[in-house]
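If you're matching them up, the sequences are chains H and B in order. If you count the first sequence from 1, position 48 lands on 48 in my numbering, and the numbers rise without skipping. If you count the second sequence from 1, position 437 lands on 437 in my numbering, and the numbers rise without skipping.
Read the hints as simulated data drawn from the structure, not as lab findings. We put the beta carbon where it would ideally sit given N, CA and C, even for glycine. A hint or two may mislead.
Said to hold, decoys possible - Per label pair, the in silico range of CB-to-CB distance: (1) H:R187 x B:E57: 28 to 36 Å; (2) B:R220 x H:S113: 25 to 33 Å; (3) B:I242 x H:E191: 57 to 65 Å.
As the list claims (entries may be wrong) - Taking lysine-lysine pairs in the DSS-like style, the calculated list, with each CA pair at most 25 Å apart, reads: (4) H:K3 x B:K432; (5) B:K356 x B:K218; (6) B:K129 x B:K54; (7) B:K54 x B:K356; (8) H:K3 x B:K182; (9) B:K309 x B:K289.
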Amino acid sequence: MSKADGAAAILWVGATFYALFGGADFGGGFWDLIAGDAERGERPRALIQRSLTPVWEANHVWLIFILVVLWTAFPPAFSAIFSTLYVPIALTALGIVLRGSGFAFRKSLQGLSAQRAAGAAFALSSVLTPFFMGAAVGAIASGNVPADGNGEAFSSWLQPLPLLTGAMFVATGAYLSAVFLVGDARRAGEEDLERYFVRRALAAAGVAGVAAAIGLVELHAEARYVFDRLVAQGLPLVIGSALCGVALLALLLKAGPMGRNPTHDVGNRPIGGWLMRVLAAGAVVAVIWGWGVAQFPYLLPTSLRIDQAAAPDPTLVTVFIVFAVAAVLVLPSLGLLYALSQRDLLESEH
Amino acid sequence: MFSLDALPLAASASNLLAAREQMAFTLGFHIVLSCLGVALPATILVANYIGLKKGDEAALELAKRWSKAMAVTFAVGAVTGTVLSFEFGLLWPNFMDRFGAAFGVAFAIEGIFFFLEAIFLAIYIYGWKRLSGWAHFWAGVPMFVTGIGGAFAVVAANAWMNQPQGFTLDAAGKVVDTEPLKVLFNNATGYEVPHMLLAAYMVTGFLVASIYAVGMLKGRRDRLHRLGLLIPLTIGLIATPIQLFVGDTAAREVADHQPAKFAGMECIQETGTHQTEYVGGICTSDGVKAAIPIPDLDSFLVGFSADTKVIGLEDIPVDERPPANTLLHLAFDAMVGIGTALLALGAWMALAWWKKREIPQTPWFLRAVAVSGAGAILALWCGWIVTEVGRQPWIVQGYMRTEEAVTEAGGIWFSFALVLVVYVAIGTIAVKVLRGMSRRWREDGAEPEAEGPYAPPAEAP
Ligand code: HDD
Ligand code: HEM
Ligand code: HEM
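Looking at chain H on its own, in the form it has when it is part of the complex (with noise of 0.2 Å):
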């Protein structure tokens, strides 16, 4: 592997965690938005309130990451990308600021009226995110950004592919997001908000499922480089990640969205938790890394390779470097945040 590969695998790794933990996030938003009116959406939104509060700031730095690693190492990808899709990334960039704001404003905020609008901000705009992000990926991956940049500005990503993906995004957040609020419902002891996210998690695992689905045939479609390796060095990948798909629905079909939990063993210790967890995660990490695979060599299939695009060697050097520092100081904090969070050591309501 050289080292412009190297620097490659380190945004995709970048990514895999945005899309597990910032994807998640989103998808918080994302129930937040159809929970319904204040009355019947209280007690879902708390539980969703609560888990996302202290974490969703450092895995909002993920996204941080990828830019800053993709312009450092790869600065003309960096360039071609933000110069031809700047229309769905600038309103990304707007669901972001609208997202953070909404959500760190919404319960300091006085009056109900007000809160709601901050909540509305926050809700509308973690569905508007995660869809243009997945737009201006699905648009790279179709090879409609050309190496030099300043493609077409709106029908670069106005295709089936790029809207598709971004729908595909917005099911896929929503999907984690209902699996880990079913494990959170679960050790807050709240069972009917655990078979509520149950139901939830099964419902975004189908839009998921035949989003993928028809998205395959418009890969085949409009990204044919992309396609035929998907189904080839990519094919282990795309099944592991149905196999797991596959084994969380049987798992949350199991744990019954209608009638008593029974995936509680005797002693009432919840079982499977971690495992539906892990599996979900599992289905998107093969996603993405069958991406990558996919469009291997190219960054931007077809017109800029990895190793055409990457920085000289010192700076790839140094982000290697940056990497290593992340992984042993970044990765142990992040493992110490997650777990006091999930031991009800970090409070966000009293």
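With chain H held as given, fit chain B with the ligands onto it using these hints.
Coordinates of chain B with the ligands only, in the frame set by chain H:
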């Protein structure tokens, strides 16, 4: 068929102005919040430490309140900072294309600090109730380090734009080799980073102190308010004299390495010795009008002797002269003036403390403290105007002109308008939220109700 791509969203020619205005506005917004992100942790930890060490309830209460407020300012700082990262690509894609490989390393390092800052900030802010006193305090200490590290990395990137080095270009102008350490520790890092860090401590210290000064002017003179004024004010006042020293060094460095910027900000037309220092005034091509002249002082400040030669704008090629000389000059004077005024405030305070061991509680002192926060922010903005406008027409001094860097995308005026509307709204709401929090704290006395975003409890952790 009608194609959206053909929409004339904006003429490219006016992109440059729109992009610069948008960049300046979004940076100016972010920088205030990031100052709080850099320096509030230390301020909070000082109060927390006093509270734990001396069992001082008022100090602990302050630390809790400030950390709640920081939860809000940090969130807005994080999203506005994200916008800046996007703007690098949205507004200046050619700059990133050509130089991302060189100065990007600073941002790569910044990423680590942002991670750690976001993580430990969350642990600290949300850990008030369940973590034990000292464990909680120590969980907060990394924020202090990461704030400094993050500011170092970003400002080193900016310093590099002023004194670029650590890269090799080929004939086509492409970066073919880099020396990341030289990029990070370029010649301007040494003064820009400390100057910015001190500015962050000044802005935070004076801003927080001014809030309590207003409260005291309204007759709230309890211990909470006196301590709330004393801790941050002391921090700001300690930073001030060091800041003036660093700023003075910065000015000399600029005179040596960016003579065009220096001539612009001092409004020097002709090269020569015995240059007059002009305070205030309007800068015209035949000298400064309506200013207070101090003969020889400018030369003296640059080289400690009136015989020091200082380069004037006449020796700078016309197309390399900075724009808006009057703005530059007044911005520089305002920064220096405010710094000097804050130093005087410190002298006042030191004198009173020496005599009475107490903050002077006269209305005039409190009024001065009440405006010091706004003053520090103004000085901060002025400093950035000097740095950024003074570097024009270059985006990378001597290597790339800003007009080469700007995007060809359409709609930049539109995006700028949108940014204005959204940021004004967010700024207004953020202030409302913070004021609402403080009103609730007041109404509930020392017993803040379990409300607000995260509501640390009233009892000691
Ligand atoms: C609280 C804020 C504050 C105060 C009181 C001062 N400064 Fe400042 N100054 C800044 C905040 C600032 C800043 C906003 O932080 C800048 C912008 C870029 C930088 O590195 O710091 C800056 C830049 C800046 C520059 C331009 C550096 C460059 O272009 O690379 C000079 C020459 C000075 N300052 C000089 C001074 C002097 C001589 C001061 C007082 C005697 C002074 N500053 C007080
Ligand atoms: C790493 C730090 C920074 C970088 C990389 C950076 C980069 C840039 C860029 C690319 C531009 C547009 C080109 C130009 O007009 O010069 C710009 C403009 C500007 N920036 Fe900075 N900047 C940084 C820090 C700051 C900060 C913190 C401020 C504070 C407010 C600031 C104030 C401005 C202003 C006022 C302009 C407009 C200049 C003009 O209109 O002529 N900059 N900066
Ligand atoms: C063009 C320049 C800049 C860019 C691209 C930028 C980028 C960012 C980004 C992406 C974040 C969010 C990180 C997160 O999610 O936690 C952020 C926050 C922050 N930035 Fe900036 N920034 C710039 C200028 C500055 C400057 C000049 C400072 C120096 C003092 C600074 C200090 C901070 C700090 C301390 C934070 C933490 C969040 C906060 O407290 O508000 N930034 N910045």
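Cross-check of the supplied hints:
no. : hint                        : verdict
1   : H:R187 x B:E57: 28 to 36 Å  : 34 Å, holds
2   : B:R220 x H:S113: 25 to 33 Å : 31 Å, holds
3   : B:I242 x H:E191: 57 to 65 Å : 59 Å, holds
4   : H:K3 x B:K432               : 50 Å, violated
5   : B:K356 x B:K218             : 23 Å, holds
6   : B:K129 x B:K54              : 19 Å, holds
7   : B:K54 x B:K356              : 22 Å, holds
8   : H:K3 x B:K182               : 21 Å, holds
9   : B:K309 x B:K289             : 22 Å, holds
In terms of the numbered hints stated before, the structure departs from hint 4 and from no other.
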